[in-house]
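Colleague: Chains as they are written, first to last, in this note's numbering: chain A, 1 to 339; chain B, 1 to 339; chain C, 1 to 339; chain D, 1 to 339; chain E, 1 to 339.
This list has only true hints and no planted wrong ones.
As a list, the in silico SDA-like pairs of lysine to any residue whose alpha-carbon atoms are at most 20 Å apart:
1. E:K64 - C:T260
2. D:K180 - E:N308
3. E:K30 - E:L279
4. D:K334 - A:R165
5. A:K71 - D:I253
6. E:K59 - C:T260
7. A:K8 - B:K149
8. C:K197 - B:E198
9. C:K169 - B:M327
In case anyone wonders, no lab produced these hints; they're calculated from the structure.
One-letter residues, chain by chain:
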Amino acid sequence: MTVTYSSKVANATFFGFHRLLLKWKGSIYKLLYREFIVFATLYTAISVLYRFFLTGSQKRFFEKLSIYCDKYAEQIPVTFVLGFYVTLVVNRWWNQFVNLPWPDRLMFLISSCVQGRDEYGRLIRRTLMRYVNLTSLLIFRSVSTAVYKRFPTMDHVVGAGFMTRYERKIFDDLKSPHLKYWVPFVWFGNLASKARKEGRIRDSVDLQTLLNEMNKYRSWCSLLFGYDWVGIPLVYTQVVTLAVYTFFFACLIGRQFLDTDQGYQGHDLDLYIPIFTLLQFFFYAGWLKVAEQLINPFGEDDDDFETNWCIDRNLQVSLLAVDEMHMNLPRMEKDIYWN
Amino acid sequence: MTVTYSSKVANATFFGFHRLLLKWKGSIYKLLYREFIVFATLYTAISVLYRFFLTGSQKRFFEKLSIYCDKYAEQIPVTFVLGFYVTLVVNRWWNQFVNLPWPDRLMFLISSCVQGRDEYGRLIRRTLMRYVNLTSLLIFRSVSTAVYKRFPTMDHVVGAGFMTRYERKIFDDLKSPHLKYWVPFVWFGNLASKARKEGRIRDSVDLQTLLNEMNKYRSWCSLLFGYDWVGIPLVYTQVVTLAVYTFFFACLIGRQFLDTDQGYQGHDLDLYIPIFTLLQFFFYAGWLKVAEQLINPFGEDDDDFETNWCIDRNLQVSLLAVDEMHMNLPRMEKDIYWN
Amino acid sequence: MTVTYSSKVANATFFGFHRLLLKWKGSIYKLLYREFIVFATLYTAISVLYRFFLTGSQKRFFEKLSIYCDKYAEQIPVTFVLGFYVTLVVNRWWNQFVNLPWPDRLMFLISSCVQGRDEYGRLIRRTLMRYVNLTSLLIFRSVSTAVYKRFPTMDHVVGAGFMTRYERKIFDDLKSPHLKYWVPFVWFGNLASKARKEGRIRDSVDLQTLLNEMNKYRSWCSLLFGYDWVGIPLVYTQVVTLAVYTFFFACLIGRQFLDTDQGYQGHDLDLYIPIFTLLQFFFYAGWLKVAEQLINPFGEDDDDFETNWCIDRNLQVSLLAVDEMHMNLPRMEKDIYWN
Amino acid sequence: MTVTYSSKVANATFFGFHRLLLKWKGSIYKLLYREFIVFATLYTAISVLYRFFLTGSQKRFFEKLSIYCDKYAEQIPVTFVLGFYVTLVVNRWWNQFVNLPWPDRLMFLISSCVQGRDEYGRLIRRTLMRYVNLTSLLIFRSVSTAVYKRFPTMDHVVGAGFMTRYERKIFDDLKSPHLKYWVPFVWFGNLASKARKEGRIRDSVDLQTLLNEMNKYRSWCSLLFGYDWVGIPLVYTQVVTLAVYTFFFACLIGRQFLDTDQGYQGHDLDLYIPIFTLLQFFFYAGWLKVAEQLINPFGEDDDDFETNWCIDRNLQVSLLAVDEMHMNLPRMEKDIYWN
Amino acid sequence: MTVTYSSKVANATFFGFHRLLLKWKGSIYKLLYREFIVFATLYTAISVLYRFFLTGSQKRFFEKLSIYCDKYAEQIPVTFVLGFYVTLVVNRWWNQFVNLPWPDRLMFLISSCVQGRDEYGRLIRRTLMRYVNLTSLLIFRSVSTAVYKRFPTMDHVVGAGFMTRYERKIFDDLKSPHLKYWVPFVWFGNLASKARKEGRIRDSVDLQTLLNEMNKYRSWCSLLFGYDWVGIPLVYTQVVTLAVYTFFFACLIGRQFLDTDQGYQGHDLDLYIPIFTLLQFFFYAGWLKVAEQLINPFGEDDDDFETNWCIDRNLQVSLLAVDEMHMNLPRMEKDIYWN
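So here's chain A without its partners, still in its complex pose (with noise of 0.2 Å):
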């Protein structure tokens, strides 16, 4: 579930982003605390081995080490690197976000569009909206491990009242080497057809706004579908990982307290924890991990998109709207600013 905490924000006060320091849900610390442990016992592993099992020469030779990969550790230009390919992910993600597809622009038009009152009426409004969100669900199988867990196979997409057994018997029938997401907008297509020559539809207009409308639905599906089929380039992601991985590994070296007797330069202070370089680790990781959680926002983090409960909402919202709200209106009063 998406972590929020713009409520705590709200006003800039005394501090104001500290409180954000101390979450556990979502936190760097959750994400982190595996590798940090696994990256302070390597640390202290060294260090034993280096302050006590190293003979004298072999000390000289692993200073000497240690100060060559402190000097090449700085070369790294993880900063940058970082900064570029975060940036990255963070549009995508936000992008994929604002492509979730919700299903409320069609309802209302469905809704006031689609005439009658009787169960004929009722059943086109209830098989429009469906088709709509049965499309989004099979797009979400696609791209979200949560869903896909939730609906393994098309036995439970009909099992959840998304599709009746008959259309599922048809779609089964359509003979294609292709994903077959696009075919119940085929339907909502026909059918809207249909509901206009039978007069549910009143003209071409509203005929034609509807149809629009789906197809702006059909345009975040298939950018979502997008998102997922073509990602970021395997190759730059690993640039980066190879990066930020080489950065700790020369830290795990060339980070260590010297024997402050060999008078290395800036090695005259042995505080047996690297503070500093600890706290490296949590900027640089934690920025990495920014993009490990939004590079596939359909998964089971913290902080990635609800998909299950967004397509609970869509189904319960959409079938409301058009059926027991359609043409339900609240009495019409003067407001208490009349005149």
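We have chain A; now place chains B, C, D and E onto it with these hints.
Modeller: Just chains B, C, D and E now, with coordinates in the frame of chain A:
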């Protein structure tokens, strides 16, 4: 309230921006003076401790620690992280402003396309307009703490005239576990459809233009809601905050003036007041404050959007436009350039 | 007036941009010469003070201070902060240009869709067009100091022929505590609706196209207004200004040529004129001037938008197009490629 | 074919991205192993030359040269140049993906708005759909080497059923020195207009929706063509390539391990294998490879778009939707939530 | 003419970009060789002066000056400034390309919606199309030096068949102190409206689609004009140019090889040819050349848009589409996948 200063910088003049440095409201000083006092106090305390209370060998250790901290303080990529993060926050903030729902487009259409100067016509136009304002009010209650304080319950919404008692009853009777801010739009669509049947709206072209505009309005509303619901991932905010705080923590120790007699490189001057460190505090903490202020622009900061003002303005203006001004045209006259 | 130089750089030639360095109008020199003189004078004063008035020990202290300032001057992330900030300002500036309201789209539609070459038809077309120009004038009065100077009161607006006396009376009679720039659009919508009833506009399709276009125009207007109303947060501008000013303050002391006999590192040359520091002043102060110039493009800078010219052009051209040119078609002839 | 790995990174887990480091297809290793071998070989050759073949004074000269190269290698702004360039390339690549022409929107409209289940109706729908597919095929032949290989001549296009012989004759007869990919769209428009006259398309509203959608499709096609025609300016690509190649050239000499006995600063360790330089090679060359892969996404790289698959899918699916599925609706049934 | 090289980089191959380094047309070499010769000559002159003509003490002074210049050369933030500036220029350049006006969308609509294969029908369609082409020609004359050279006066426009003599007379008779490129669009709107009255355009839906498309075309035209009229502020371009020129000026002195016997740090090697400085010249000057080339893409550079070709293509193609191809449909046949 928003701090508008554009008229002050209309022309690029001699040291044009310096005037801005002297403003208080919405300024960096007002936002930061508390943090600044804390920082300066801590710095002074450490300075006093070092100068008067530490023994010789403790001083030597502190000096080494200070140099160590200073070295790493410079390595923390605060500028870079802040640059990318603030750019992200500013973009989101501006998009939220651009998507504030204004009913003006709808009120022009309703005023010119819903016919009838009699009471029933007025009632339809006012009711349609009220539904529009009601929806944005429901959204603002979710995203803005200021609006929520003003309308803590639905009773307040009814009391302020955005909803009639009867509407509220129907609204409450709708069974849905989800947010119901979309309900007035279903009413809007159905009422418009009814008006079309009764001839108050001339034809489907007029009707669809209205519904289309309503759907635009809905998109603004839901986008605002989306920005509130799915914020910048908590991890990102934590990474940036950690980086800035760590930097200042390192500065507290690393930027102390050390005993000039010890001959440490770059430490042959004791100014007592670390003027550049304090200025850096202003840059970086100020930059972070930009983010804190903008990350939720619906709070009560000096620079936040005036949502309560918007709500009042929108209701007042839109009722005026669709009721009193409907078909109340000024007499047409020849303008002064005629022939 | 905008400084157009694109024709000078149409082709990439030998040292192509050097010609631009010699322009005066809108140039960095014109914008910066005053600040430059102040900076150079202060630098000289400090230099003279150091060379001729300080005693030996004061000189030693000044030298240490200078080295201290120089060290921190380099740490101030001016480039980075300016880079992000100027990018933001430039984007906003361009968006404001793109959203300048031009009535051309509306005048084509009014000219071709509002029928009748008689006086009444002309009156309708001219009045519609005038309302459009009136709205943008009202907006420009709010955002542009130049326009406000030209039209300080509504009397001037009436006097310039944008509004008739009768319209002004109705305008003033409207009770609203809020800005009323939207009023002419309500009139526009109602007048168009009236023209539709009277058969001057053929059908709802024509009418809605007009209203739709009017709403686009309104969006441009309100976006302009929004850019003026909600500027870049003051804190951000202050952070950047502080950073640049601090940098130059640090340079004044830190970039002095020190006594070469003292053997300070990097101080074995005394050029008297700090050529590179002066050039840096031009880069950074010039970069900041870019922001100063563009942050409010409706002032009277060399590079600001010529809003008063726009207002005149729009009124003249649009009345011409909807009146004199209405149905005044050139005789159709076969073009020279016919068959 | 596109390398999809988003399902592998659905959740941010313990060292989440490390699994990506082990992939081969589309990976940095597959793309870079040849360059890496060349680089490593050259490095080794120079190393061997320095260690075993140079005389003492030659060694001294080489050492100075190496230090000189190393100093300047660090000054080359590879990171920065690559960051800006790759961002540009990635944006263009994604825009090309988003503008891939999919006929789905058109096929829904044709299926629901072009009437008649008789043979003539089928013929109109199939022909309209074929024209759409033909246009995108003609565009793909221009921009994609893979598609061009499959359809080297117009005969292949006719043979694959995208065009009839008769159409090809008319197509060839059109005298124009310019590309003729727009021709099928003129046919589409005229055929739709004809269908409107014959009553197969009900009215102008339906017709214009179709034509509007067709124009959208054309915009995608022409934008794809534009991206191919006007690439990133050659100079920019050359600048970046030069920077990266120069950097590695400087590294070949500058990153050699020098004789530790000579006491050069930072050269007191001889590891034989320059581990960090090799890793840097992977970062920078990998980053450049991202650009190489994406600069033309219509080639045959692992990560390029599968245009041939698209062509087949689009034809098969769109004919299915407008013919077999036309008005072939599943029987409407009450869904399981009815009442 | 645009330099297209995308087919050369379709696949990411072994040292894929190196082939691009060997191109001449539109290349960095062709653009820079003159500046390079100047730079190298100056460098050599200074080098010769230093080595052979200066006396001992002058040499010492020069050496100090050189070190001083070198130190500050490194501080000039050329990379950063160029990165932000070139990104801005490239975005503007691409937006100009995307907004080039193509009449294809209009010609499809005119071909299918303006009825009548008789001479009058042809005349209307051709005249409408000519107006469209005329407008873009008028715009291109303003923004493109190449087009202006070809059509220096309105006589040339008439002579090339874009305008008839009679139209020109009316055009000239219009009294307006402002540019008149919008005039043909008023004619277009009025002619379309006339055709609607005469039944050549069926109804308002068809008419409004045409007018809407015309307005899109106008927006492209006016946006092009806007990009030409309001360029990147002169100050910004001057700042960047100054930074780059200053950098190279500093390099001329600062990157000289100094007497190795003097033992200056980093000056123990005399290579005579400053290979890395020359390469840096290529990077930075090349990067600036990218901006020079793209800042006005309507010149006659190798990489500029071929506006004259566009004008010819558009006229030829659009007349062909609306006249000869109007309702000239290929006989419909069953495609090869029928059943």
